[in-house]
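Engineer: The primary structure of each chain is shown beneath.
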Amino acid sequence: MASATSSTHASAGDSTESPAVLRVEGLRTYFHTYEGVVKAVEGIDLVVRAGETVGLVGETGSGKSVTALSILRLVPTPPGKIEAGRVFVNEPPEVHELRREYEAIAFERLRKRGKESFTSSAEVKELLGPEIEDLRMQVVNATSETKKAQANRRLAAATSAYDVLMKSEEEVREIRGNAVAMIFQEPMTALNPVFTVGTQIAETLILHKKDDLIRGVLQTIDRQLQARGKRRRARRLSAQEAREQVSHGRSPENLPRSERAGFDALQSMRPDQEVCSACLAPAGSIWAWCPSCGTRLEFDLLSPLRSRLMRLERRLYERMLANPADELVDFLDSVRIVRRLVRSRLWDEGVRLAVERLSDVKISEPERIAGQYPFELSGGMRQRAMIAMMMACSPNLLIADEPTTALDVTVEAQILKLMKELQTRTNMAILLITHDLGVVAEVCDRVGVMYAGNVVEFGTADEIFHRTLHPYTDGLMRSIPRFLGQVAADRKRELYIIRGTVPNLLHPPSGCRFHPRCPRALDICATVVPPLEPMEGGHLAACHNPIPRGGTPG
Amino acid sequence: MKLWEYVVRRLLALIPVLVGVTLITFILWKAIPVDPARAFLGPKAPQSLVDQYHRLWHLDDPLPNQYLYYMGNLLRGDLGVSFVYKIPVTDVLFARIPATLELTLYAMAFAIPVGIYLGIRSATSRNRWTDHAARFVAILGVAIPVYWLGIMLKIFFHEGLATIHLDVLPLDGRLDSAPTSTITGFYTLDAILHLDPGTFVAALAHLILPAFALGFAQLAIILRITRSGMLEVLGQDYVRTARAKGVPEKDVVFTHAFRNATSATLTVSGLTVGSALAGDVYVETIFRWNGIGQYFFQAASTGGFTDLLGYVLLITVFYVAANLIVDVLYATLDPQVRLGGS
Amino acid sequence: MARAVVVETETENLVRRFLEEHAARIAELKYSLFLFRKNRLAVVGLVLLLTTVALAFLAPFLALQQPSYVLINGEEQQRWAQDLGATFLSPSSAHPFGTDNLGVDWYSKVLFGAGTALQVGLLVVIPASVLGSLLGLIAGYKGGLVEEIVMRITDIFLSVPGLVLAIAITAVLGRSIVHVVYALIITWWPWYTRIVRGQVLSIKERQFVESARSIGASPARLMLRHILPNSASPIIVQGSMDFGYVILTAAGLGFLGLGAPPGTAEWGVMIFEGLNYLFQAPWMATFPGLAIVLAVLGFNLLGDGLRDILDPRLRR
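Protein chains in written order, with the working numbering: chain V, 1 to 554; chain S, 1 to 342; chain Z, 1 to 316.
I should point out that these hints are in silico values taken from the structure, not numbers from a laboratory.
Predicted model only: the values in this text are computed from it and were never measured.
Where is the CB? At the ideal position from N, CA and C, for every residue including glycine.
Keep in mind that a hint or two might mislead.
[As the list claims (entries may be wrong)] Listed below are the simulated SDA-like cross-link pairs for lysine to any residue, each with C-alpha atoms no more than 20 angstroms apart in a straight line:
1) Lys-115(V) to Gln-138(V)
2) Lys-148(V) to Gln-138(V)
3) Lys-86(S) to Trp-29(S)
4) Lys-30(Z) to Lys-210(V)
5) Lys-250(S) to Arg-340(V)
6) Lys-30(S) to Lys-30(Z)
7) Lys-250(S) to Glu-169(V)
8) Lys-210(V) to Leu-28(S)
[Claimed, not checked] Here are the simulated distance ranges between beta carbons:
9) Phe-375(V) to Val-130(Z): 53 to 61 angstroms
10) Glu-232(S) to Gln-219(V): 42 to 50 angstroms
11) Glu-174(V) to Lys-30(Z): 30 to 38 angstroms
12) Val-130(Z) to Asp-272(V): 54 to 62 angstroms
13) Glu-76(Z) to Pro-79(V): 45 to 53 angstroms
14) Lys-30(Z) to Ala-325(V): 54 to 62 angstroms
15) Lys-30(Z) to Arg-128(S): 23 to 31 angstroms
16) Arg-10(S) to Lys-210(V): 39 to 47 angstroms
17) Arg-339(V) to Gly-185(S): 33 to 41 angstroms
18) Arg-306(V) to Gly-77(S): 46 to 54 angstroms
19) Glu-205(Z) to His-158(S): 45 to 53 angstroms
20) Val-47(Z) to Ala-325(V): 38 to 46 angstroms
21) Ala-45(S) to Lys-142(Z): 30 to 38 angstroms
[Stated by the list, open to error] From the structure, some residues in chain V lie toward chain S, with a derived Cβ separation under 8 angstroms:
22) Val-194
23) His-208
24) Tyr-373
25) Leu-377
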């Protein structure tokens, strides 16, 4: 298997394409239930590169969702277990090359033991024992920074440091929501019903971008201190009121007429949108201080002490920024009530950024939405909110598990369009899991077709749709009832179905798992598992009897 | 809608219920198989006196009129005269309420937090033994009768511990000798207010056994319901989402999951207050605690009808109030209830 | 021509056909039994329960002493032979649970108490559940004013803590086991109404009810044949657990002196007597209570196990 994989990935043309954000090798996930062991994912390989959208298609039970969950180690572990495999996230190309070199060495040793492929990175690490020791010494004894960096790269390669399955729980948590994000199928249930949308998005930021938030908090404090110098309070006006006041020459709160930009923005706002009377920027009821100019908008019980309090807060946050493990901060953190107070500014800042993220996903009135609960939103908006939440930290890879299956078709189109736009903007990779071939055709650059826990075909969208190799893929294509085009002709044709049913993964068929239903099955198909091999350039298929070019299938 | 609107609505909904309860107590009053006036005055009282009381208490008026007089009295806070003590029932109740409240509060302060914590731990522990042990304790807790537990505790803490000379805890009453002056009637609180650590410790010591006996059953119930609520929530999608965001497991459990599991726990907490108020009767009898529970027992065994019914009304008010608080807390915690979502 | 002669009797044929027709149901049942056996606690519960029932029935044979019955004021009361020379004996081989202040063998009394307890349980749970469920069924199905009235009444009864109501009723009516039964029925029925109504409301909206209605089923038929069986499981679970709680509460009333007269072999009464002689004869209070615990435990574990089995979500 290892050799097949290496050739797979080599032939995918590493050097010329963008770096691989995700590499999955030999992933095997089983579920140990009381009825037996369900072999949900049986050794699959995947590569997803930056900026590309890879689709993972398959019917229910094909193992695509389990694959996605396995990547982030979210498989419920009492019944489930990742038995084997390696999942590399954000492995730099140089490290990848080096790893290949080391794995060649390790492979030789493996063969001597009588095995054919690597089960896990732990195994590789164990086989490369002496080299790793050596490299560690090199790091310690490095004479220059460059030499040290070099040695570290080699060490990372040899120890498979970028393999998610090898990482500690804490390290994995750092990746989740940060480098790799995942959105789920049911936006109705995937968002926590007792927290506002803004809070849930802010949480992602607090978890992973705390330093940025602290810097933002410091800026906010400065802004507010400055605003306090000018005036203690400002009011909230409706945009309509503000427009009237400005147009009558009576600038609210003596705002100089020269600040026309604010006025222009006012014109395009909804009449009931609330704005700050000091600076005319939008300032909904979720803000106690104006998010733009920092003037206090609500009654402040602690008003006389506020400046002093703010300066104290400033000192506290500076400490937090300087030293994440500060004892004072830890102590304050440990008392629950105090913790909420201490962190309230972090949450405010998080919510402020959350509003920005919400507008990134084209939600109108993001301020209002941020203060609402998930049940107050429609399905499409909830999905957008979830996207905003998971994209808050600009992940390198977005795993989308049937993101549009629960949505109306029109909404589905919007969401897909949104995802593509976000992708163009941030060059992120998308692993799109779906059973809808139409979506795949629209959106995906490359596609993997899964059946009963295996990837049976992999290639570009064009290759999969027009030069189908695997009989299952072919069956899928033909099963789609077609409306347009050949309507008259189709009326005469019967609906095509792949005969048989999806196999029971407790006792999967021997050899190729599709063989009982395959119109092109040969004798060998029942005994030998076909490996996923390149058939035409980058187009791979796992089949002993693939559909010939231009020919009609069996 | 705003929170206070919700509260007002709930309060208004309570009125018919409370009226209904007065109907029940009234029916019970009329269902007494003997002549209440005769029962009150005793067999030796002259018939003329009994007749006088009949007129005084409107015992022979048409039923609807009797009910109206009854309601009138209730609204004026008059629960009648105690058959047991021959003074107004309300006086007796007021004198004895602090004792019961103190006991019940301590019992619940023990039962609720411990029950919740153990329930959560039990639901999240991978160790099947912890879970089984917790479940067994929970089931045992509701199978053990309060009255029996109290007695067993007394036996154990006297006889059992006497053998190793550890029979430290006092067994009866609230204090060994009556306190000199009381402000609130809550002996522990009064001791604090009087800055009297000795009395405080003594009062606390007297509270330990009865509060435990009373609270144990409630703890079991709360543990169970918290555990099952948590198990259900932990299987929800948003818990998976939280993990997918990288939230540390402790926060996943206590923040994301528990906030959603509180509804069942909260409802049950309200019910356990009722259960505790009922259990008070037993505990106070066994531990000679001068609260309204003991009073109820006296009334029940000596045929103190007004006392009985007065107690029923008062306890109902408490119970209903506790459930109202639960409802309000519900609304505070669950935005859907408040905002009227789907 | 050769023909395999298979002789199958009438009965064998019938049995085979029955098994075939109901194959699915039988498979379900087998699965249920399998789940039940897997649930060790439930099995323990069943064992405890069966032991209690067995002891109740076998009491006359297992006891060391038998009561006699006398008729007083139309009520049958128990009388136990006293042995004033053997009072307050600690547990021994002669008297496994010791003797009481009148020299009566405590073990025998505990055994006979089982019968009383079970009878009370039965007499309360069945009427209460039937009454409450019917009301809940009607309320949930009819809706509108009927539902409002029924639920209001239910709410009123539920707003008084159960025990308190039971004590008040018994105290007012007079001490007697019969009154205890009445009082407990009155206290217990509202729960069933609430549960069943909730079930009915949710089932009403389910599709299969719509389907049945669309082929012209009458309301009564709908209620009885479609809705009720689907709401049966909470009733069964609640009923079995309530059995235990009723025993517990009835004994509690006995403890307060409101049920059986003193001297009767009723667990609650016996515990109260034990309270009076707490330090002289701790066994007097201990053993009846232990019996209550075991009986209630049995019903609870059984109810729990039933719930696990019947809960569709936990089945695979």
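Engineer: When the hints from earlier in the document are held up against this structure, which numbers fail?
Structural biologist: Of the numbered hints given earlier, those the structure breaks are 1, 4, 6, 8, 9, 11, 13, 19, 20, 21, 25, listed in rising order.
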